[in-house]
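A.B. asks: Here is how the chains run, residue by residue.
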Amino acid sequence: MSDATLHGAQPRPSLLVADPRTRKRNAAEARFRAYGLGAIVISMVMLVILLFTILTGGLGAFRQTYLEIPVTLDAAQLDKTGNRDPADLRKVLTLTYGKILQQSLEQAIADKGIAIADLSAKDVSNLISKEASAQLRNRVLADPELIGQTVEARVLVNGRVDGYYKGRVSMESAARDANTSPAQLQLADALKAQGMLATQWNWSFLTSPDASDQRPEAAGVGIAILGSLYMMLVVLVLAVPIGVAASIYLEEFAPRNRWTDIIEVNISNLAAVPSIVFGILGLAAFINFAGLPQSAPIVGGLVLTLMTLPTIIIATRAALKAVPPSIRDAALGVGASRMQSVFHHVLPLAMPGILTGTIIGLAQALGETAPLLLIGMVAFVKNFPSAPPDGLFEPASALPVQVYNWTQRADPAFIERASGAIIVLLVFLLCMNLLAILLRRKFERRW
Amino acid sequence: MPVSWTLLIVLVLAGAGYLVTRARVVALAGGDTRRLHSRPSYHGWNAALLTALPALFLIAIWRFLLPAANATPVAVLALILAAAGLGVALSRSAPGFRARNAVESMVKGLLILCSSIAILTTAGIVFSMLFETGHFFQQYPWQDFFFGTTWSPRFGGGSQLGILPLLWGTIYISLIALAVSVPIGLFAAIYMSEYASAKLRSVAKPAIEVLAGIPTIVYGLFALITVGPMLRDYFAQPLGLGNSGASVMTAGLVMGIMLIPFVSSLSDDIINAVPQSLRDGALGLGSTQSETIRKVVLPAALPGIVGAILLAASRAIGETMIVVLGAGAAARMDMNPFEAMTTITVKIVSQLTGDNDFAAPETLVAFALGLTLFVITLGLNIVALYVVRKYREQYE
Numbered sequence: 049m050s051d052a053t054l055h056g057a058q059p060r061p062s063l064l065v066a067d068p069r070t071r072k073r074n075a076a077e078a079r080f081r082a083y084g085l086g087a088i089v090i091s092m093v094m095l096v097i098l099l100f101t102i103l104t105g106g107l108g109a110f111r112q113t114y115l116e117i118p119v120t121l122d123a124a125q126l127d128k129t130g131n132r133d134p135a136d137l138r139k140v141l142t143l144t145y146g147k148i149l150q151q152s153l154e155q156a157i158a159d160k161g162i163a164i165a166d167l168s169a170k171d172v173s174n175l176i177s178k179e180a181s182a183q184l185r186n187r188v189l190a191d192p193e194l195i196g197q198t199v200e201a202r203v204l205v206n207g208r209v210d211g212y213y214k215g216r217v218s219m220e221s222a223a224r225d226a227n228t229s230p231a232q233l234q235l236a237d238a239l240k241a242q243g244m245l246a247t248q249w250n251w252s253f254l255t256s257p258d259a260s261d262q263r264p265e266a267a268g269v270g271i272a273i274l275g276s277l278y279m280m281l282v283v284l285v286l287a288v289p290i291g292v293a294a295s296i297y298l299e300e301f302a303p304r305n306r307w308t309d310i311i312e313v314n315i316s317n318l319a320a321v322p323s324i325v326f327g328i329l330g331l332a333a334f335i336n337f338a339g340l341p342q343s344a345p346i347v348g349g350l351v352l353t354l355m356t357l358p359t360i361i362i363a364t365r366a367a368l369k370a371v372p373p374s375i376r377d378a379a380l381g382v383g384a385s386r387m388q389s390v391f392h393h394v395l396p397l398a399m400p401g402i403l404t405g406t407i408i409g410l411a412q413a414l415g416e417t418a419p420l421l422l423i424g425m426v427a428f429v430k431n432f433p434s435a436p437p438d439g440l441f442e443p444a445s446a447l448p449v450q451v452y453n454w455t456q457r458a459d460p461a462f463i464e465r466a467s468g469a470i471i472v473l474l475v476f477l478l479c480m481n482l483l484a485i486l487l488r489r490k491f492e493r494r495w
Numbered sequence: 015m016p017v018s019w020t021l022l023i024v025l026v027l028a029g030a031g032y033l034v035t036r037a038r039v040v041a042l043a044g045g046d047t048r049r050l051h052s053r054p055s056y057h058g059w060n061a062a063l064l065t066a067l068p069a070l071f072l073i074a075i076w077r078f079l080l081p082a083a084n085a086t087p088v089a090v091l092a093l094i095l096a097a098a099g100l101g102v103a104l105s106r107s108a109p110g111f112r113a114r115n116a117v118e119s120m121v122k123g124l125l126i127l128c129s130s131i132a133i134l135t136t137a138g139i140v141f142s143m144l145f146e147t148g149h150f151f152q153q154y155p156w157q158d159f160f161f162g163t164t165w166s167p168r169f170g171g172g173s174q175l176g177i178l179p180l181l182w183g184t185i186y187i188s189l190i191a192l193a194v195s196v197p198i199g200l201f202a203a204i205y206m207s208e209y210a211s212a213k214l215r216s217v218a219k220p221a222i223e224v225l226a227g228i229p230t231i232v233y234g235l236f237a238l239i240t241v242g243p244m245l246r247d248y249f250a251q252p253l254g255l256g257n258s259g260a261s262v263m264t265a266g267l268v269m270g271i272m273l274i275p276f277v278s279s280l281s282d283d284i285i286n287a288v289p290q291s292l293r294d295g296a297l298g299l300g301s302t303q304s305e306t307i308r309k310v311v312l313p314a315a316l317p318g319i320v321g322a323i324l325l326a327a328s329r330a331i332g333e334t335m336i337v338v339l340g341a342g343a344a345a346r347m348d349m350n351p352f353e354a355m356t357t358i359t360v361k362i363v364s365q366l367t368g369d370n371d372f373a374a375p376e377t378l379v380a381f382a383l384g385l386t387l388f389v390i391t392l393g394l395n396i397v398a399l400y401v402v403r404k405y406r407e408q409y410e
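Top line first, the protein sequences correspond to chains A and B.
Residue 362 in this note's numbering sits at position 314 of the first sequence; the count goes up by one each step and never skips.
Residue 236 in this note's numbering sits at position 222 of the second sequence; the count goes up by one each step and never skips.
It is worth saying that the hints were derived from the structure and are not from the lab.
Be careful, since some hints might not be right.
[Unchecked claim] Straight-line alpha carbon distances no greater than 30 angstroms define the calculated DSS-like cross-link-like pairs of lysine-lysine that follow:
(1) B:309 / A:72
(2) B:213 / B:309
(3) A:369 / B:219
(4) B:219 / A:490
[Said to hold, decoys possible] Beyond 10 angstroms from chain A on every Cβ pair, some chain B residues (computed):
(5) 156
(6) 287
(7) 376
[Unchecked claim] Take a look, some chain A residues computed to stay more than 10 angstroms from chain B by CB distance:
(8) 76
(9) 327
(10) 400
Here a beta-carbon is modelled for each residue, glycine too, at the ideal position from N, C-alpha and C.
Throw the hints in and build the complete structure from the sequences for me.
C.D. replies: Shown next as structure tokens:
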């Protein structure tokens, strides 16, 4: 009141009409609220844009254009001796199978009476993916009886033609492209009109290994999924027992002294160490020093174990802390030792929290890329690793590293593959997080 | 593989030890388990642990520390150890033997060992990098590394390996990332803790946390295929600032998005920790809600928020995949944010992927870079944790 008179302000004329100063303050209030709301909206919009671009870019990887043609497996070319001896059949290179595919396609074009202006022989042979001849060869080697017959073959087409049906390649861009031509695309259209060429669901994206630079149409995430799975296995086997044991000690037994303090500070610092530093550690300690093989899932698993340990320890300690002391007191009161009270009573009650933390730690490990680049997971791997434990020491890839690998290739078709691999990765992460949420919902207990 | 065979035999021995000792102790007690000091299974566990632990340690040390050692003698030694452990356990098994105490102290030892792995990891990180960094500085003068302004590694000699251009790129990108994430994250946290209805919070909080769960490679791809080309086509080229898709701006913006949930969840905790009485006092004096926040809550929470920003900065400096895919590979000291620059982490990746020659300074420099990165982020983390902890104590 005295304030108002001191500053010589007019007394408020009406309670019903806001004075200028109040209006100003209220406007500031509204602006401030709008900033806050805006910040939330911006972050949600970013999330939507991020997911939308990845999804739209990557769904194409799950569909692939195939050509269905009758292929005559000419015995004169494939088995000169005529005795179907597997050793002799193996000597026939994929080149020969490529020629057979080309002849079959030319035959099919002639049969259907497709005529296209300035269609070169190269256009016709290039329509078929280079991977297709290798696939046909494998099929024949698996079943030599096919030789001499005419079989229906489902053949991968060239990545550019595939891109044409996914909107990545147009007639205009094809004219400028050395790897395809408008005539080739017209041929593909004509074949499609005859029902021989179709874009179908592509299981092989999930099952087949990576393919070389020129064959984006054949590249898949099979080895990457397997490699990631192996690494998660290693992390699960190592990080969970070690992490839980460490948390039990720190939470239930550790005396408050300098050593425990050092451990605690260490764990919280390790949680914030950049992941690439763990990669350097893995390279120096596990590969250079311990002599483990490069690009093996065991090394990746060990590095990811060290990385996820702090996460698991922090989550487990929170879960142990949430178990009320009365449980421990009751156990001790009926004569259990401290060890028994922890292992028989506290630990089972803390299990849901530990599981949730573990799954979240695993999800983090699954998406980690940088440390894996340093331990050689970028290598091109064409052969599936065998079953564990031997497979853990054989070269493999990992899902996020596969994504990185594909972004480094020249052909834009690999970008679609990379987005597709990310969809696979996100689906795995989603499942893990849903599992964590479900576990928490089902077993959560409040005392 | 001799390792897996030895492992298998040791485990079988341990299992046998469990069964035999348990049966023996029960037999010694004349079938009356009440005459035993410990339950029979503790006697069994005692034997199993004594058999397995020494042998397993030997195998672990052999496999990871001395991979070149001859396999057969070590395997034989491990088996002898296992058999000796079993023998000791069997000879000690008697009804009065305090097996439970023995087992519990062994388990406790294991627990202590597991909790020391964190220390071992840190030691491993520091030593592995110090060791190789030492090698690097024997071949390349440290003054040139820390104060050199040119980065041009040439395999075959004559490289210039100055860290300053990389440090500049790292700092520039991190600053842009913080300029994006701090206001957005902070405002989101303020709105969520002070204004939002429970319903909005239950939607918005998990949605923002989803951003935190997305792997960084996804952000990297987003930078590479969406943000980079967009910035180039709509900003850099029309403004004549360059025509590179990979740029400081691309990496900074995307990294900023990645850091939003990080800043917002930390600030959320800190704002919630400000005592309600401070708010009530300000509101009671007639300030509006925003005045309360700006003049009372935020100043009170400031140290904590500074800590959160420091933690976010350490994240930004150590982030790898976004900059690998979004920032480019050219080491350059430039003010133009639409120019491609590079960071410490990018160069660690590029120097250490592919065929490495661990005698060449061009490879070893990655360890020096890694150590620098480790020291910077560790320093930021320690300061941040100190600030946050000190602040928490203030209101407890």
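A.B. asks: Closest CB-CB distance from residue 156 of chain B to chain A, is it above 10 angstroms?
C.D. replies: Given a closest Cβ separation of 19 angstroms, the condition holds.
A.B. asks: Need the status of pair residue 369 of chain A, residue 219 of chain B: alpha-carbon distance at most 30 angstroms?
C.D. replies: holds, 25 angstroms
A.B. asks: Please check whether the beta-carbon of residue 376 of chain B is more than 10 angstroms away from every beta-carbon in chain A.
C.D. replies: Holds, because the least Cβ-Cβ distance between residue 376 of chain B and chain A comes to about 15 angstroms, which exceeds 10 angstroms.
A.B. asks: So is residue 327 of chain A really clear of chain B, every C-beta pair being over 10 angstroms apart?
C.D. replies: At about 8 angstroms from chain B, residue 327 of chain A fails to clear the 10 angstroms cut-off, so the statement is violated.
A.B. asks: Does the no-contact call for residue 287 of chain B survive, Cβ to all of chain A over 10 angstroms?
C.D. replies: Correct as stated: the minimum Cβ-Cβ distance to chain A is 17 angstroms, above 10 angstroms.
A.B. asks: Next pair to validate is residue 309 of chain B with residue 72 of chain A; report whether the Cα-Cα distance is within 30 angstroms.
C.D. replies: holds, 17 angstroms
A.B. asks: For the pair we were handed, residue 213 of chain B and residue 309 of chain B, check the Cα-Cα distance against 30 angstroms.
C.D. replies: Given pair residue 213 of chain B, residue 309 of chain B holds - Cα atoms ~27 angstroms apart, limit 30 angstroms.
A.B. asks: Taking the minimum C-beta separation from residue 76 of chain A to chain B, is that value above 10 angstroms?
C.D. replies: violated, 6 angstroms
A.B. asks: Would you check the hint for residue 219 of chain B and residue 490 of chain A, treating anything up to 30 angstroms between C-alpha atoms as holding?
C.D. replies: holds, 21 angstroms
A.B. asks: Verify this label for me: residue 400 of chain A is non-interface relative to chain B, using a Cβ-Cβ cutoff of 10 angstroms.
C.D. replies: Holds, since 19 angstroms exceeds 10 angstroms.
Checked against the numbered hints listed earlier, the structure breaks hints 8 and 9; every other hint is satisfied.
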